[in-house]
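Residue numbers (our numbering), protein chains in the order written: chain A, 77 to 253; chain B, 77 to 253; chain C, 77 to 253; chain D, 77 to 253.
Worth double-checking, as some hints may not be accurate.
Repeated chains share a single entry, so a pair holds when one copy, or any two copies, can fit it.
Quick list of in silico lysine-lysine cross-link-like pairs, PhoX-like style, CA-CA up to 25 Å [said to hold, decoys possible]: (1) Lys-185 <-> Lys-219; (2) Lys-114 <-> Lys-219; (3) Lys-182 <-> Lys-83; (4) Lys-114 <-> Lys-185; (5) Lys-240 <-> Lys-156; (6) Lys-156 <-> Lys-201; (7) Lys-219 <-> Lys-156.
Please keep in mind that the hints were generated in silico from the structure rather than gathered at the bench.
Number of protein chains: 4
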Amino acid sequence: MENKHHKVLLISTGGTIEKTYDESDGSLENKRSVIMQKISDNIRLPYTELELEVILSKDSLYMTDQDRQMICDYLQNRLKENLPIVVLHGTDTMEITARYCFERIKSLKVPVIFTGAMVPLEFGKTDAVQNVTEALLAVKLVKPGFYISFHNELFEVPCVRKNKDNRTFESYTADAK
Amino acid sequence: MENKHHKVLLISTGGTIEKTYDESDGSLENKRSVIMQKISDNIRLPYTELELEVILSKDSLYMTDQDRQMICDYLQNRLKENLPIVVLHGTDTMEITARYCFERIKSLKVPVIFTGAMVPLEFGKTDAVQNVTEALLAVKLVKPGFYISFHNELFEVPCVRKNKDNRTFESYTADAK
Amino acid sequence: MENKHHKVLLISTGGTIEKTYDESDGSLENKRSVIMQKISDNIRLPYTELELEVILSKDSLYMTDQDRQMICDYLQNRLKENLPIVVLHGTDTMEITARYCFERIKSLKVPVIFTGAMVPLEFGKTDAVQNVTEALLAVKLVKPGFYISFHNELFEVPCVRKNKDNRTFESYTADAK
Amino acid sequence: MENKHHKVLLISTGGTIEKTYDESDGSLENKRSVIMQKISDNIRLPYTELELEVILSKDSLYMTDQDRQMICDYLQNRLKENLPIVVLHGTDTMEITARYCFERIKSLKVPVIFTGAMVPLEFGKTDAVQNVTEALLAVKLVKPGFYISFHNELFEVPCVRKNKDNRTFESYTADAK
Numbered sequence: 077m078e079n080k081h082h083k084v085l086l087i088s089t090g091g092t093i094e095k096t097y098d099e100s101d102g103s104l105e106n107k108r109s110v111i112m113q114k115i116s117d118n119i120r121l122p123y124t125e126l127e128l129e130v131i132l133s134k135d136s137l138y139m140t141d142q143d144r145q146m147i148c149d150y151l152q153n154r155l156k157e158n159l160p161i162v163v164l165h166g167t168d169t170m171e172i173t174a175r176y177c178f179e180r181i182k183s184l185k186v187p188v189i190f191t192g193a194m195v196p197l198e199f200g201k202t203d204a205v206q207n208v209t210e211a212l213l214a215v216k217l218v219k220p221g222f223y224i225s226f227h228n229e230l231f232e233v234p235c236v237r238k239n240k241d242n243r244t245f246e247s248y249t250a251d252a253k
Numbered sequence: 077m078e079n080k081h082h083k084v085l086l087i088s089t090g091g092t093i094e095k096t097y098d099e100s101d102g103s104l105e106n107k108r109s110v111i112m113q114k115i116s117d118n119i120r121l122p123y124t125e126l127e128l129e130v131i132l133s134k135d136s137l138y139m140t141d142q143d144r145q146m147i148c149d150y151l152q153n154r155l156k157e158n159l160p161i162v163v164l165h166g167t168d169t170m171e172i173t174a175r176y177c178f179e180r181i182k183s184l185k186v187p188v189i190f191t192g193a194m195v196p197l198e199f200g201k202t203d204a205v206q207n208v209t210e211a212l213l214a215v216k217l218v219k220p221g222f223y224i225s226f227h228n229e230l231f232e233v234p235c236v237r238k239n240k241d242n243r244t245f246e247s248y249t250a251d252a253k
Numbered sequence: 077m078e079n080k081h082h083k084v085l086l087i088s089t090g091g092t093i094e095k096t097y098d099e100s101d102g103s104l105e106n107k108r109s110v111i112m113q114k115i116s117d118n119i120r121l122p123y124t125e126l127e128l129e130v131i132l133s134k135d136s137l138y139m140t141d142q143d144r145q146m147i148c149d150y151l152q153n154r155l156k157e158n159l160p161i162v163v164l165h166g167t168d169t170m171e172i173t174a175r176y177c178f179e180r181i182k183s184l185k186v187p188v189i190f191t192g193a194m195v196p197l198e199f200g201k202t203d204a205v206q207n208v209t210e211a212l213l214a215v216k217l218v219k220p221g222f223y224i225s226f227h228n229e230l231f232e233v234p235c236v237r238k239n240k241d242n243r244t245f246e247s248y249t250a251d252a253k
Numbered sequence: 077m078e079n080k081h082h083k084v085l086l087i088s089t090g091g092t093i094e095k096t097y098d099e100s101d102g103s104l105e106n107k108r109s110v111i112m113q114k115i116s117d118n119i120r121l122p123y124t125e126l127e128l129e130v131i132l133s134k135d136s137l138y139m140t141d142q143d144r145q146m147i148c149d150y151l152q153n154r155l156k157e158n159l160p161i162v163v164l165h166g167t168d169t170m171e172i173t174a175r176y177c178f179e180r181i182k183s184l185k186v187p188v189i190f191t192g193a194m195v196p197l198e199f200g201k202t203d204a205v206q207n208v209t210e211a212l213l214a215v216k217l218v219k220p221g222f223y224i225s226f227h228n229e230l231f232e233v234p235c236v237r238k239n240k241d242n243r244t245f246e247s248y249t250a251d252a253k
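Looking at chain A on its own, in the form it has when it is part of the complex (with noise of 0.2 Å):
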């Protein structure tokens, strides 16, 4: 039997996972997307192939319901082909995009799995690519569905939340949110 070979959609809307030092002015910001050679110098990943499509590059704390409108059609388009996708997404508002896509796609017959990271990938202590790791690997395990996938845990959306004080996610029951 040959080996499965699998082609994931691995799409970026930018986040502090993404986010890049500039020496000129001493910031820190989505300015383009850097994961490719991350996950390059990383992941190995034999059977896999990733197309990359970045549509947005920003901090998820400004992001707006337009912006969730975006990514939610874009994913409602690129669904189509049925691949398995993975989402980089900023860690503040993760869980509101991934509810407002939870609820407005239906019959989803892929995996699409948000992550991002408490700590940019240029950090030597980033927890970039763990995440990432772990998404790829879920999104070839996992039934469809929507889901976050963080800190070696995979929460099912809609019932899951940044949780800041321990720098993480959580999963919640529908009455206590």
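Let chain A serve as the given structure and place chains B, C and D on it in line with the hints.
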């Protein structure tokens, strides 16, 4: 709803992943387990308690069926606790040990996932962190059974083997081996 | 002959080198000194005892002459101990502070070497380790005087300045400034 | 004044520093030179042009006087260009080769600095970057002569030797050897 806390049993048998460099004689060998510090430094596990058990410190090229029986007995005993298990093992005979256990341990109630690395974890370009990260996530997602987790793929035992040319693992159909 | 043991005084005033990332608000700022752990993890010093003194935690863009006078007074006081000194400082006004001290402190009996980094030490691609490594070696090799050590060059104060375009330092002739 | 541009000749003879890991057989050996990529990734050299010459790829434990004569002849020849020289060499017999050259090459007009590493550069915790960084700076600062640069110390040849217990180098008085 409280977030589910997991306990995972991490069993080390040595392997390339755990080989350490000795400055005094330039050797690269299995001497002691070094995985916990690497996990601690690289993988965030807010909801996972890891228990490490070092039962062997061997390059799997030199493993005997006696070693495999010991590993198998140890697994059988610990499986009474119903904890998901990740086993670190050398890549050269990982598929043999995994198969050995698969043939002797029936009615698993948890996943038992073998992993390791092509490059010792002390190297800058190690695949150890990726593989252990993935195994720790997979063990939360998949149904009971024996698996090998490697380079962003999860393979069901027994139809999995090392691909020496491509320096990774692959699945195969039973008759094609 | 016993190997000469050195004691070096490491004075931190903050600067880009010491900026730390805060996950809770995404800020990158001078909050506390983090240099000792970085040195401990990256630079072997079998014959050198380092004493760290954190006298300021400032981005040098915001330094005032009052700050510089404080640094200068502190140096003048510690110089009584005849220990070679390395000063961590932001790159934006390192040359101003170094010159300020050069003009006020005469008859040095030890080298006083300023250094810092273009990229905070928490980043994977930081130049912090290189610069501090070099300053710690230079302070053992050169004659008494004020210097800036940066990117494998040692510059005598006062004719040194930051080159913003090339993101490094350079020397210049007095009349050409 | 224009900034002085330096050209430095980097000669590799192999040694622990240049040992590379081979996934196919688990070996750690001197096969080819890997130093330039490591320097490129870790050391900023805005004013330095490095020319690498790989003249040997040997663990210095196995070096013969024939090898040393070859190294010595090569140095003698290249010294006509009056470029400062850094020589990468295994630590086991670095002092022997350095002394061998010291005894045969007189009237140096440039520094010739030997260095290497206790841990191969491919390891996360290598001392290779520190040692090469220091040698590249020292070669700009010191007077002509033969030296060993190691772990933030510069030792004049011939009274320097490896200290195996402390896993570093040390100087000694001629009669005390």
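Against the structure, the hints come out as follows:
1. Lys-185 <-> Lys-219: both (8 Å within a copy, 21 Å between copies)
2. Lys-114 <-> Lys-219: neither (27 Å within a copy, 31 Å between copies)
3. Lys-182 <-> Lys-83: Close inside one copy (22 Å), not across copies (34 Å); limit 25 Å.
4. Lys-114 <-> Lys-185: neither (29 Å within a copy, 37 Å between copies)
5. Lys-240 <-> Lys-156: Neither. Shortest intra-copy (35 Å) and inter-copy (37 Å) distances fail the 25 Å Cα cut-off.
6. Lys-156 <-> Lys-201: neither (37 Å within a copy, 37 Å between copies)
7. Lys-219 <-> Lys-156: within (17 Å within a copy, 29 Å between copies)
Checked against the numbered hints listed earlier, the structure breaks hints 2, 4, 5 and 6; every other hint is satisfied.
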